[in-house]
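Trainee: What follows is each chain in one-letter form.
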Amino acid sequence: MNWVGRRLRRFEDPALLRGEGRFTADVAVGARAVRFLRSPVANGRITALRPPEDMPPGSLFVSAAELGAIGTIRPMLYRFAYRAVEQPILPADRVHFVGQAVAAIVAPSAAMAEDLLEAVTFDIGSETALVAMDDALHPGAPAVHAVAPGNVAVEGVMESPEAAAAFASAPHVVEIALRSRRQNASPMEGRGGCAQYDRATGRVRLTASVQMPHMLRTGIAELLSMPEADLQVIAPDVGGGFGQKMALFPEYAVLVWLARRYRGDFAWIEDRNENLIASAHSRDQEHRLRGAFAADGTLLALEADILANVGAFSAYPTTCGVEPLMAFAEYPGPYKVPAYAARARGVLTHTCPMAPYRGVSRPVITFGLERLMDVAAKRIGIDPVAIRRMNLVDSFPHRSATGLTLDEASYIETLDDAAQHLDIPAFRERQKAARAQGRYLGLGLSVFNERTGYGTPAFAARGMGVVPGYEVVDIAMTPNGEVELRIGASPHGQGLRTALAQLVADRLGIAPESVRVIHGDTDRTPYGWGSFASRAMVISGGASQEAADKLAARLRAAAAKILQSSADDITLRDGEAVAGNGSSIALAALAKQVHQRSDLFDGFNLAESAHYDPPGTFSNACHAAIVEVDPETGHVRIERYLVVEDAGRIINPLIADGQVRGGVAQGIANALFEEIVIAEDGNILTGTLADYTLPSAMEIPEIEIHHRETISPFTLTGAKGLGEGGSIGAPAAIANAISDALSPFGVELFEIPATPPRIRAAIRAAEARA
Amino acid sequence: MKPAAFDYHAPRTVEEAVALLATHGEEARILAGGQSLVPTMAFRMARPGVLVDINRIPDLAFLRAEDGILRIGALTRHAAFEKPVAPGPVGALLARVARHIAHAPIRQRGTFCGSLAHADPASEWCATTLALSGTLMVAGPDGQRAVAAEDWFQGVFTTAIAPGEMLAEVRLPLLGPDWRCGFAEFARRAGDFALAMAVVALRLDAGRVAEARIALGGIGGRPELAPDAAAALIGQLPRDAAQSSAERAAAGCDPQDDIHAPADYRRDLVRVMVRRAIEDAIAA
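As you go down the protein sequences, you meet chains A and B in turn.
Read in order, the letters of the first sequence are residues 1 to 770 in our numbering.
Read in order, the letters of the second sequence are residues 1 to 284 in our numbering.
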């Protein structure tokens with residue numbers, strides 16, 4: 001029986017669908033409630049901060065003064081002119097963004113804690129806030145942090161020697177300026193933690209809605225100078241993360257401090273307003289992009305000037321380099337770029353800090369590169385498919401202009417598949433007929449690659465002080481023949497319990513239901529880096545496969561002893577070990593023998609471990625959108641959305657399609673709907689879901705998904721990651737489709753989200769020009 | 001997101017409710033569907049000391065057509081209008097409008113009268129009541145008084161209601177078969193507050209407009225009539241005059257600027273929504 005490749009329903013879902021999941025807030029029942037006082041001012045000096053005069057029994061006030069000497073959050077990069085910004089757990093003197101936690105109130109209930117928050121004496125001398133990157137980069141602008149005069153926290157610069165000459169002599173030079181507005185990952189469950197003190201052992205158990213439990217344990221232990229062994233971190237059911245829950249946030253350190261200091265249980269469950277203003281933002285970027293093209297459309301050189309607003313601090317462990325440096329290293333994408341020049345800067349401002357968000361910078365660079373391709377095609381007078389086909393990488397492995405190795409992929413094939421599914425000539429006819437009736441249809445393409453499953457070398461190349469990358473998997477068979485798989489990855493919605501079970505089941509000849517995947521508990525799993533960057537299936541999957549193979553070897557050896565055969569002669573299938581002569585033993589019986597009659601097996605056991613640290617691989621896809629734009633209102637209706645995805649071997653197509661759909665929905669949100677709006681004084685004007693316009697199921701169309709499976713030699717299982725691709729491709733596809741629809745008006749869109757007012761403004765401006 | 005502490009009362013009669021309002025004055029707020037009040041309390045933007053829950057007052061739970069008038073009691077939920085509540089143009093209009101009010105769960109709880117009492121400038125029912133020249137029946141210590149819709153809306157979330165009073169009923173005229181009603185709105189997402197909306201009521205005589213009322217919502221501090229735009233239709237075939245009416249509405253309105261829609265964009269929308277509402281009326 002082959003389990004890999006089957007649309008197995010997720011083991012995770014029955015409990016979730018019945019409302020029987022166990023989330024942090026479920027664990028927090030009974031704990032004292034913690035609420036944070038958050039700064040209403042973006043930049044200023046704290047002049048008074050005192051607890052309420054009337055503190056009822058069971059309530060506490062915690063500020064920097066109470067915390068005393070504890071560490072600061074100070075992630076490091078040892079390259080790219082990085083300025084090591086320090087973030088205090090709670091600030092003693094200055095605030096740096098609206099929403100920054102300034103003090104904590106503990107009370108028997110959240111409502112009482114919120115009552116007390118209103119009674120805290122808190123005065124700040126407000127000073128001018130730097131919100132926009134222009135202002136922060138303005139010569140003579142005050143420094144957000146003294147350590148970074150000029151407000152550039154990180155800067156990458158590179159230029160291939162041929163770039164300048166290519167631009168000087170190219171028949172076509174196309175230049176575009178792009179703006180991606182600030183967004184919030186908006187997981188369905190916000191952040192939250194419950195720290196519980198165990199009086200018997202003196203240990204603290206922190207249950208938290210996080211993606212990297214081991215990293216959190218290490219980080220908090222360092223901050224609080226406590227033995228790491230005294231802290232257990234559990235990520236129970238986690239309602240989405242999308243990167244936002246990777247970071248070490250000050251709130252968690254305060255919870256553990258409280259539990260140790262007061263020997264009790266303390267819980268903070270973030271509300272939606274906190275999540276929107278004070279968790280972590282992303283994608284606030286401005287790019288200037290130039291392409292030098294030959295007369296036939298061949299791309300000769302690419303130049304990118306990347307500005308990323310990184311906010312007031314640097315997230316641990318990824319640092320504020322995560323967005324600008326990803327754009328810097330990966331801008332050439334799936335294209336042959338013979339010469340490349342780039343400058344990327346991370347700009348400090350008095351705004352909420354950035355964290356990775358599904359796709360990190362790639363939704364923005366794909367938006368840039370794919371807009372550039374369409375604009376260039378129009379300028380040169382060739383077809384959007386043709387310009388892509390001639391420039392896509394077509395032989396592998398390919399070394400990119402930035403030194404990345406692109407493994408086997410299907411860039412041209414996925415584009416051709418998409419073009420065929422769309423029947424572009426038929427669409428052009430329909431488009432023409434619709435225009436004659438005053439209706440504006442457009443088609444947009446987006447081809448991209450997605451670097452996934454990258455291990456230690458990729459992160460080390462960034463010069464990170466904390467280098468994530470490897471994964472360890474421990475495997476054991478219990479006496480009743482079930483398999484326990486302990487992983488360092490930390491799924492939070494990805495269905496890894498099901499997909500890894502399928503993978504392991506095939507290696508051991510058992511049913512996936514017999515495999516228990518144990519995750520999200522630092523006491524019960526090997527040290528690992530959690531789930532992010534489309535890495536879990538590649539890295540943890542690879543390690544799981546290795547571990548299962550090692551266990552299979554042990555089972556064969558044990559079976560050989562009982563069946564009086566040789567290990568090479570034993571096959572594991574259908575829950576049995578079968579010898580060449582047809583004699584067999586059930587694995588459950590075999591496992592029982594090995595465990596309970598170890599005297600017969602010379603102390604042999606059924607436990608193994610494997611470590612995997614791959615170089616990284618590239619998934620790829622072509623997205624296509626057909627939209628109808630109402631030029632009177634600026635409304636965009638997505639008529640059709642199509643994805644041709646290649647993530648190598650698909651372990652569970654049902655889960656894979658779910659990943660793609662969710663990603664596309666977030667990509668459409670980025671393209672059309674979501675924007676964190678910040679006033680000049682640094683206050684966030686989109687602090688509710690009425691104002692931060694997350695799309696609902698009503699706004700997301702059917703998403704048509706096709707697969708290719710190009711097997712890469714760079715991943716053990718043949719699987720490439722696909723967690724982020726959906727969100728990477730969508731903004732470019734939608735923006736290209738809108739620009740195509742509005743081409744009769746001469747409108748080209750270079751800003752996301754392309755909201756109805758922005759689309760109307762572009763039409764009005766084009767009409768004024770005409 | 002926890003409300004500040006409040007006292008809670010659940011009277012059984014309108015008289016008891018009004019007496020509670022008299023006792024607690026400005027501190028007290030009426031709770032009906034709670035779909036606007038409760039979230040603002042959770043944000044502590046509203047912090048009433050006393051909630052007077054009218055959900056257990058049987059006398060307020062009615063919806064009936066009577067002598068050409070649709071009488072809507074204070075406990076009538078939005079969802080009650082999703083199917084036409086009366087034959088003729090008004091019942092059909094209310095059904096078309098109801099589908100644009102928030103989302104299905106909210107429509108099960110939120111009330112028609114609550115929308116009028118809350119007076120959100122983007123409320124569909126407020127603009128509709130204004131376009132239909134509805135009458136609001138207000139209960140107070142001295143019994144009921146009637147307020148015309150034109151006199152009801154005074155500003156953002158501000159109405160002609162006096163301290164100690166509650167909105168008990170809204171009455172809408174069930175216009176005759178020579179009337180045509182139309183509605184159009186634009187919102188970012190299904191169920192969002194509209195960035196602009198228009199409600200029109202036209203009486204036709206031999207195909208030409210004999211009477212016209214046009215109400216706009218979502219564009220300023222309160223729903224407003226657009227009398228110039230309505231006048232542009234009089235004596236005209238509605239299809240021919242729709243665009244000029246729409247232009248007048250756009251020119252005559254004073255749209256607000258906010259993060260969702262700059263004023264010039266809202267003015268664009270007013271033009272389009274008025275035209276589409278007139279087209280909707282003709283098509284209906």
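Be aware that a few hints might be false.
What the hints assert, rightly or not - One-sided and incomplete, this derived list gives chain B residues near chain A with beta-carbon spacing under 8 Å: (1) 7; (2) 173; (3) 174; (4) 188; (5) 189; (6) 263; (7) 267.
To be verified - Label pairs and their calculated CB-CB ranges: (8) B:251 / A:766: 58 to 68 Å; (9) B:56 / A:50: 21 to 31 Å; (10) B:208 / A:386: 11 to 21 Å; (11) A:109 / B:251: 32 to 42 Å; (12) A:653 / B:240: 49 to 59 Å.
Rather than coming from a laboratory, the hints here were simulated on the basis of the structure.
All of these numbers come straight from a predicted model, not from anything done at the bench.
The beta-carbon is built from N, C-alpha and C at its ideal position, and this holds for glycine as well.
Trainee: Against this structure, judge whether each hint is valid.
Mentor: Hint check results:
1. Annotation: interface hint on residue 7 of chain B violated; nearest CB of chain A at approximately 15 Å, more than 8 Å.
2. Proximity of residue 173 of chain B to chain A is violated relative to the hint, the smallest CB-CB distance being about 31 Å (cut-off 8 Å).
3. The criterion of a C-beta within 8 Å of any C-beta in chain A is not met by residue 174 of chain B, whose closest approach is roughly 32 Å, and the hint is violated.
4. The interface hint given for residue 188 of chain B is met, as the beta carbon of that residue sits about 5 Å from the closest beta carbon of chain A, less than 8 Å.
5. About 6 Å separates the beta-carbon of residue 189 of chain B from the nearest beta-carbon of chain A, less than 8 Å, and the hint is met.
6. Annotation: residue 263 of chain B was flagged as interfacial toward chain A, and the flag is violated, the nearest CB pair being 10 Å apart, outside 8 Å.
7. Given hint, residue 267 of chain B at the interface with chain A, is violated; its Cβ is 10 Å from that chain's nearest Cβ, farther than 8 Å.
8. A hinted range of 58 to 68 Å for the beta carbons of residue 251 of chain B and residue 766 of chain A is inconsistent with their spacing of about 23 Å.
9. Between residue 56 of chain B and residue 50 of chain A, the C-beta spacing of about 45 Å breaks the proposed range 21 to 31 Å.
10. A beta carbon spacing of about 56 Å between residue 208 of chain B and residue 386 of chain A contradicts the range 11 to 21 Å that was offered as a hint.
11. Residue 109 of chain A and residue 251 of chain B have their C-beta atoms about 54 Å apart, which leaves the hinted 32 to 42 Å range violated.
12. Restraint check, residue 653 of chain A to residue 240 of chain B: a C-beta distance of roughly 57 Å satisfies the suggested window 49 to 59 Å.
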